[in-house]
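Model the full assembly from the supplied sequences, consistent with the hints where possible.
Protein chains in written order, with this note's numbering: chain A, 3 to 420; chain B, 30 to 372; chain C, 4 to 254; chain D, 4 to 405; chain E, 16 to 266.
Careful: at least some of the hints might be erroneous.
To be verified - List time: in silico DSBU-like cross-link candidates among lysine-lysine, alpha-carbon distance up to 30 Å:
(1) 156(E) x 212(E)
(2) 195(C) x 174(C)
(3) 250(D) x 121(E)
(4) 303(A) x 62(A)
(5) 121(E) x 212(E)
(6) 250(D) x 67(E)
(7) 156(E) x 9(D)
(8) 264(B) x 93(C)
(9) 156(E) x 79(C)
(10) 107(B) x 281(A)
(11) 79(C) x 153(B)
(12) 105(B) x 303(A)
(13) 308(A) x 107(B)
(14) 195(C) x 256(E)
The set of hints was computed from the structure by calculation and includes no laboratory data.
All values derive from a computational prediction rather than experimental measurement.
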Amino acid sequence: ASHSGFTNAPGDSSVTLGFNVPQTGPYADEGADELRAYELAVEHLNGGGDGGMMSTFSSKVLDGTGILGRKVEYVTGDTQTKSDAARASAKSMIEKDGAIMITGGSSSGVAVAVQALCQEAGVIFMAGLTHSNDTTGKDKRANGFRHFFNSYMSGAALAPVLANAYGTDRKAYHLTADYNWGYTTEEAVKSSTEAMGWETVAAVKTPLTQTDFSSYIAPVLQSGADTLVLNHYGGNMVNSLTNAVQFGLRDKQVNGKDFQIVVPLYSRLMAKGAGANVKGIFGSTNWHWSLQDEGSKAFVKSFGTKYGFPPSQAAHTCYVQTLLYADAVQRAGSFAPCAVAEALEGYEFDGLGNGKTLYRADDHQCFKDVLVVKGKENPTSEFDLLEIVEVTPVDQVTYAPDHPQFQGGALGTCNNGA
Amino acid sequence: MDAIILQILNGLDKGSAYALIALGLTLIFGTLGVVNFAHGALFMIGAFCAVTLSRLFSLSHEVLVPGETDFLGNPKTKDVPYIYDWFGESTGAAIIDWSVPLAILFAIPVMIAVGVIMERGLIKHFYKRPHADQILVTFGLAIVLQEIIKYYYGANPIPTPAPQAFAGSFDFGAMLGFDPNTIIYPYWRLVYFAFAALIIGAVFAFLQFTTFGMVVRAGMADRETVGLLGINIDKRFTIMFGLAAAVAGLAGVMYTPINSPNYHMGMDFLVLSFVVVVVGGMGSLPGAVLAGFVLGILESFASMREVIDIIPGINQVIIYLVAIIILLTRPRGLMGRKGVMED
Amino acid sequence: MNVRPDFSKNANHAETAPAFLSVWDMHAYYGESYIVQGISFNVHEGEILALLGRNGAGKTTTLRAIARLDDPQVNKGEIWLDHKPLHNMKSYEAAGVGLGLVPEDRRIIPGLTVEENLKLAQIAPPIGWSIDRLYDLFPRLGERRNQEGVTLSGGEQQMLSIARALARDVKVLLLDEPYEGLAPVIVDEIEKTLRVIKEQGMTTILVEQNAVRALQLADRAVILDTGSIVFDGSAAEVLENEELRAEYLAI
Amino acid sequence: MFGLEKKDARLLLLVAVLVAFAPFLLNPFPEGSAMAQFNAGYPDLMQRFVIFGIFAIGFNILFGLTGYLSFGHAAFLGVGSYAAVWMFKLLSMNVLPAIILAVAMSGLFALLIGYISLRRSGIYFSILTLAFAQMMFALAYSVLTPITGGETGLQLALDDPRILGTSQTAGGNIPVPGLFGLEMRDSAELVLGSWVFTFNVGYYFAAIVMLVAFYLSIRIFRSPFGMMLRAIKSNQQRLNYTGLNPKPYTLAAFVISGMYAGLAGALMASMDPLAGAERMFWTASGEVVLMTILGGVGTLIGPVLGAGAIKYMENIISKINSDILHGWFAFLPDGLEDFVVAIIYPFIGKGWHLTLGLIFMGVVIFLPGGLVEGGQRIAALFGRKKASDDDSGKSAKTEPAE
Amino acid sequence: MGILEVKDVNKRFGGLQALGDVNLSVKENTCHAIIGPNGAGKSTLLNCLVGKLIPDTGSVLFDGNSVLGRTPFEICQMGISRVFQTPEIFGDLSVMENMMIPLFAKRDGAFRLHAIESVASEAELRTDAERMLEEVNMLDKANMHSAAMSRGDKRRLEMAMCLVQNPRLLLLDEPTAGMARADTNNTIDLLKEIKEKRDITIAIIEHDMHVVFSLADRITVLAQGTPLVEDSPENIKGHPKVKEAYLGEAA
Ligand SMILES: Nc1ncnc2c1ncn2[C@@H]1O[C@H](COP(=O)(O)OP(=O)(O)OP(=O)(O)O)[C@@H](O)[C@H]1O
Ligand SMILES: Nc1ncnc2c1ncn2[C@@H]1O[C@H](COP(=O)(O)OP(=O)(O)OP(=O)(O)O)[C@@H](O)[C@H]1O
Ligand SMILES: [Mg+2]
Ligand SMILES: [Mg+2]
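Laid out in structure tokens, this is it:
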């Protein structure tokens, strides 16, 4: 590419985006859904389809003629949910295909790794599904942006609902995936439930590679705990929840109360994997297709029409990130990463499904309403597994940029690259 | 005390899963000497036999539900399994409910067929090839099998519950005089344990009380000479492979209610089952079973909160640590035979 | 189509008795190396044939080819045993019609005891001598029956290897250096046994470096040199023919 | 040349030429053409080719020569990476100290693990190495997070001390690894018509290191030491009764190959300063085994070819999506186009594993000697003279043990 | 005091007394033969000398130093080389390479890291190897893959590998078994010549009496793990007990 002051400046007719999603490995289905959303977003940006959320988006600068008049093209890659592979595929998009923005991923490890890479290379990174506090906490980068919510927000949103449903006098037992995301989630849920008056009996770390959680579940009842919090995601969560239900925990009574299970981070795909075991179990989620605001309805409609089933929260966040990027470029009038970053920083918008949202300048984290959901008792279809219990307003989940759970690290300065 | 009994129970159950998987592997790896990286895939295919059967039972046609609409606002339809039409709703529902146990019957012929085809079509040509080649070809096969399953069933786990009759857990503690709820154990895991014991016993009996085992061992040590003695060793190897595939497959079928099957469950178990087999000692069936139980129980103990508090991370490494200690103190694992895969 | 073809027109030797084992124009290869280069010979029922030649002449290769082992590959030629075409068979089938080979490196099966090694030989029919009878022939094996076969002494292994062949009802016995590593008394013993089973109608091909000993026992001799037959005639003839002995056997 | 026999020298020269012209050779298709998808001549992938080449060359010294199959070699790669990144964090962004520390550390780990594991042979050895590597992975991913960065990997940060360098660049960014001012990520581009060729500093640096590593491996293969290693594979018993102690030989081979792995790890970190625990997971160890076997065990050049093949699949085939497919076959009538795309689709993009699995199987079934044998067969097709000229495989095939 | 002194060596395998109170003294620069029936314990005795087995009791002194508790390679470095009953060679290596390895061991000791030097440039060792191959008549096979050789050739190669190290004590376990007569004779000549030319002591196990009586200066007869007699060849030949238990008609 020519020397226009930043990496991969696009040509006059087209611009290339890099969609880096897990196509193999345990999160392949989630990745596939993300990719569907990206393809839909590209279609809409280029003026195809029904325009989806572009019509409900509070910003109106996108007009279906691509981005800054350039047709949107895209390349795809496989993160394999491994940070090395994800960086390799992101690099190939940057070096070979001339992608000017990288987006996607479905784990925090990958998001953090790719975010750092984009910072170095001088392109924008619009994170996909990543929930760890670190992504916009100690590992934040000036070139990286996260629309998805985080562990802290889950804890803050869940705690009041839990207190409401199960009382403030509960003894919780945490099982936590033994890696960064697990740590931040445990900490977030612990501190917000403790603030409500709950007691934490124990927090046990479980290995990432664990498949059978029986030896972790079995001692829970003995410990005197009456609530089990599963800080697990993906296969870990499916298995630990299945095991917990198998052990009949939910039929038990402890301290005179019904035993309860909580899953801080839910996704529809996971709920599907756990089957009937999710019924009645609380958790939080970034977005759900049954939301009735105009933006969500428009998105579900165009996604459903194209693919025949409703989108997942990962699909939603990826779609939104693409629009937000395009919009920021349009508003900035430039593809230069620093200009785009500036346009995104402190940007307030609405109509993209989560109500009024702010892209906070301090840490590039979106602040918006958080959904507390519950496994549905009588699902009517294989997609209808969760029901929204409460939409926690944004104020309740907002924290200071220097909140202890987000300490360390620095945003740095944005990098335009070559 | 109760905590210890509890973890022993857990360990026995985990151990029976490990032992069952290792048993199938040791038939191929420890006895036929083929480094079979596709063994996990066989386990996985077994599990998907259960999934397939329950899907077959649930094959349904759509019926309009009057007055309701779906998420796009179109008229809503409801799926009614054909099996309801044929057997009535309650029998039909019971059949679907029991699909996992029924899948055993389904899986046996399927797995034997898979094993035999795999051996005749591929592995047969690799007995005399270096282990390296066996690794590459079976690894390739495992990937292909996995990808095929992924193509049809997706990457997400597929819940495959046990029959309702086995839902919930059994209070051992109450039976032993402890407080209620101290030692509970899911019914299905008890079934799994009993099933594993049965299969292990049957395989042992088959190999112990017939000359089959001896012939296969001899054939592995020296195919040529066994041929000179008029024995068609190829046929026996094929049978052995079919048997091993069936054992792996059944282990998979029965495992589905414990953990929802997904396409990579085989790979997840693969390394562990190699470790179990080798710790048990190459070529020893009792060794593999014993190692399965030893590792299962130790893993359970290492996952106790009290233990993790003393040695952080011990639950992450216990299996490997024990494997190292056993292999260093006992040159051929727990009960390995001399000269099997030692070079 | 189990009829032996009539090779006699082209046969390079004139025998009157019908051949029991017939090898016709056999070419055998180890991969690319061409070892046995078109040999033909007959063995008659109840006869002991000595197959002689220097190291590397191709004796072992010939026996292995007849026993239908995977190596060497026989690319051309026919082998008939009692009107059955061996050349179309695999080694276990050949063993099934009565072929028994005592391999030169004994091939005791690791991991199996002496007795298991013998039992193994009696799994597939036809079954020959009983295990007790074999222990009578080689008492040392009886004493060691529960020892792992490969820990036997060299000579004991040789005994086991021979016993294993006799445990099957063989019609043709191929012996590849059966005396190797055996104490002279045992060699005498085995020689006696060979005579006995010959009386009972066994056909034998004997490969042996101790040519004189072999020739004294054998009815006929075939001498191989670099994969071709250089002599085919009576054993006595070789013993008498100084030149032949000097040239091919160095005795 | 360089104390090599003629055929080895020729092989080394050939590899050197190929490596030097890789930016051209790997970019045969003009930019923007349908086939450009298959171009592999961009810095990251070229770097990966040579780095994994080094890893596989080193692995082959152990496995190809002694027959000891280590299933935990990725652990040393991980150790090398961590050591290098720590060097970048603490000392300076110069790659030399990072590489030196990485090689030393991985050598140390290899010495320790090798000393213990080599007390057993065959599969027992393999499982011991696997167990060590899995332990290292599990700990690095979880409880050692403060040292290793855990799930997200060990990264540079703006507040790293970097005693001999700067914590931040003037622009407020993290400095990038370099060699005395020469930044690893610097590239020069050459535009020829519609072709664009990229010459990257990091690639050439890694390539030179790889050539040196390759040269050393040839020397080792041809040395008395190499012969002893092959003797170990062939008959340890005889070696013992010949008055030689097999232990230190195998251990030396283990340590050398561990250091190769550490070197590869350090180079990975130098090209891209991040070290993740997955680098030590058993699948990573398995990958180098597969690379070596795929290319040809015990051959000189095989492992490099195997590494290239697998990395190519991973990075190129996985990126082809249905959109691109439709682009290629747009010239076909609509129905046919969809049909062809439907046939190919399962094998590309997210189906790249399927293709990889089929290639593994195909290669072992049809080319028992690995890709090297394929090369030989092709060479044989071009007649005797060509075959003996281009005997990269031959020389390797006839000499080493298999 | 002989160069090799075996005192009261006992070795049991489970219930079997393989060696019982063996005493043996081998004089320097002589050839001492050990004969005896199969399973007498001859190979077991050699195994105790080279460190393959550790005797239960007793002592083994080589040149005044105990070999017990040393590893096989250390014992070899002391100057004891052994030819096995079944050929042990480096089957994956060429004949020449098989010869080079013992030469390196001789020159550099049990371990030396020659990782960068080239085998090809070791001209001196090569010449030694070639000379030795010449002596055993195998120079033409120098570049052959050693596994593909016939068994007689493998034996000769193994002997050459031992001889090229110039050991002080050479242990031969049935070195001529399976060798063609001509080569057996060559081997006898070779061993005789070496015995004369070099400072070497030979202990040989053989069932071929021709070899034993041509070479041996002294003979020990072992039976059931204990020495029956030790005497000169002439006396052994006539010894009635030996004749009965071992030699049979061959004497
Ligand atoms: N596996 C093999 N691969 C290649 N060539 C082989 C193989 N086995 C034997 N040969 C070659 O075949 C030739 C004949 O070998 P064979 O073993 O038949 O000889 P032999 O007559 O039995 O000799 P000996 O008396 O030494 O046992 C020899 O030159 C040998 O090198
Ligand atoms: N590892 C072992 N375990 C059990 N018994 C053994 C073992 N090794 C040898 N023996 C027995 O010890 C006895 C002596 O064996 P050895 O090999 O020393 O005999 P040998 O004198 O060399 O006989 P040959 O002349 O037949 O080779 C034999 O009866 C043998 O079966
Ligand atoms: Mg022979
Ligand atoms: Mg002996």
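Results for each hint:
no., hint, verdict
1, 156(E) x 212(E), "holds, 26 Å"
2, 195(C) x 174(C), "holds, 18 Å"
3, 250(D) x 121(E), "holds, 18 Å"
4, 303(A) x 62(A), "holds, 20 Å"
5, 121(E) x 212(E), "holds, 19 Å"
6, 250(D) x 67(E), "holds, 16 Å"
7, 156(E) x 9(D), "holds, 24 Å"
8, 264(B) x 93(C), "holds, 13 Å"
9, 156(E) x 79(C), "holds, 28 Å"
10, 107(B) x 281(A), "holds, 20 Å"
11, 79(C) x 153(B), "holds, 25 Å"
12, 105(B) x 303(A), "holds, 16 Å"
13, 308(A) x 107(B), "holds, 22 Å"
14, 195(C) x 256(E), "holds, 22 Å"
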